[in-house]
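**Q** Sequence:
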Amino acid sequence: MIDQLESAFNFHQQAVSLRQARHEVLAANIANADTPNYKARDIDFASELKKAVGGTQSAANNTGGGLTLARTASNHIAGEGPAWRGAGSADLLYRIPDQPSLDGNTVDMDRERTHFADNAVRYQVGLTMLNSRIQGLKNAMQPE
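Heads up, the sequence shown is in UniProt numbering, so the first residue is 1 and it goes up one at a time.
Hints listed in this document are in silico derivations from the structure and should not be mistaken for laboratory results.
A virtual CB, placed ideally from N, CA and C, is assigned to each residue, including glycine.
A couple of the hints might just be wrong.
[As the list claims (entries may be wrong)] Derived CB-CB ranges, DEER-like: (1) 10 <-> 78: 12 to 20 Å; (2) 74 <-> 95: 48 to 56 Å; (3) 137 <-> 20: 17 to 25 Å; (4) 7 <-> 139: 18 to 26 Å.
[Unchecked claim] Capping the alpha-carbon separation at 25 Å, the derived lysine to any residue pairs in SDA-like fashion look like this: (5) 51 <-> 138; (6) 50 <-> 115; (7) 138 <-> 39; (8) 51 <-> 102; (9) 39 <-> 28; (10) 50 <-> 4; (11) 138 <-> 28; (12) 138 <-> 3; (13) 50 <-> 144.
Using the sequences and the hints, build the whole thing.
**A** Quick look at the structure:
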């Protein structure tokens, strides 16, 4: 039963976590817009989501790669947390600037603001979809 619930929420959970990690990277780019020699970074969302979902499923099938949960009694079921850990394990890519500045900074504020707003909207959509999934399961479990 727990495995079915985990698989029902896994994709949306990983997508929201990755959106949050990308938000942090984009915010760092905006914060360092005037820092000399700062190189703008980003996350390839599609490939990182594929790795995150695939990595978690393989970690559930064979132990290793995830956070091992402590058991307080020998009768408890052994468990393992997801293997993916947010922006810390995401491959950060460098942006190629359209027009590099003289001080070596590659942050384009217009592009960063656009990506930031787009990511915020998609994060909100992910939360809405996750919430609707939870509500649907709650409604299915409640008697009428």
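**Q** Please verify whether residue 138 and residue 28 have alpha carbons no more than 25 Å apart.
**A** Violated: residue 138 and residue 28 sit about 38 Å apart, past 25 Å.
**Q** Does residue 144 lie within 25 Å of residue 50 when you go C-alpha to C-alpha?
**A** Given that 25 Å is the threshold and the Cα spacing comes to 39 Å, the pair is violated.
**Q** Decide if the proposed pair is consistent with the structure: residue 138 and residue 3, CA atoms, cutoff 25 Å inclusive.
**A** Holds: residue 138 and residue 3 sit about 17 Å apart, inside 25 Å.
**Q** Check the hint pairing residue 51 with residue 102 against an upper bound of 25 Å on the C-alpha distance.
**A** violated, 37 Å
**Q** Mind checking the hinted window 18 to 26 Å against the Cβ distance between residue 7 and residue 139?
**A** holds, 19 Å
**Q** Does the hinted range 12 to 20 Å hold for residue 10 and residue 78 at CB?
**A** This hint holds: roughly 19 Å between Cβ atoms.
**Q** Just to be careful, I want the Cα atoms of residue 51 and residue 138 compared with a cutoff of 25 Å; is the pair within it?
**A** Between residue 51 and residue 138 the Cα gap is close to 29 Å, so the pair fails against 25 Å, i.e. violated.
**Q** Run the distance test for residue 50 versus residue 4: straight-line Cα separation, threshold 25 Å.
**A** holds, 20 Å
**Q** Look at the Cβ atoms of residue 137 and residue 20 and judge whether their distance stays inside 17 to 25 Å.
**A** holds, 23 Å
**Q** For residue 50 and residue 115, compute the direct alpha-carbon distance and say whether it is at most 25 Å.
**A** holds, 20 Å
**Q** Kindly confirm whether 48 to 56 Å is satisfied by the beta carbon distance between residue 74 and residue 95.
**A** Holds, at about 52 Å.
**Q** Starting from residue 138, check that the Cα of residue 39 is at most 25 Å away, please.
**A** violated, 46 Å
Hint compliance for this structure: hints 5, 7, 8, 11 and 13 are not met, and every other hint is.
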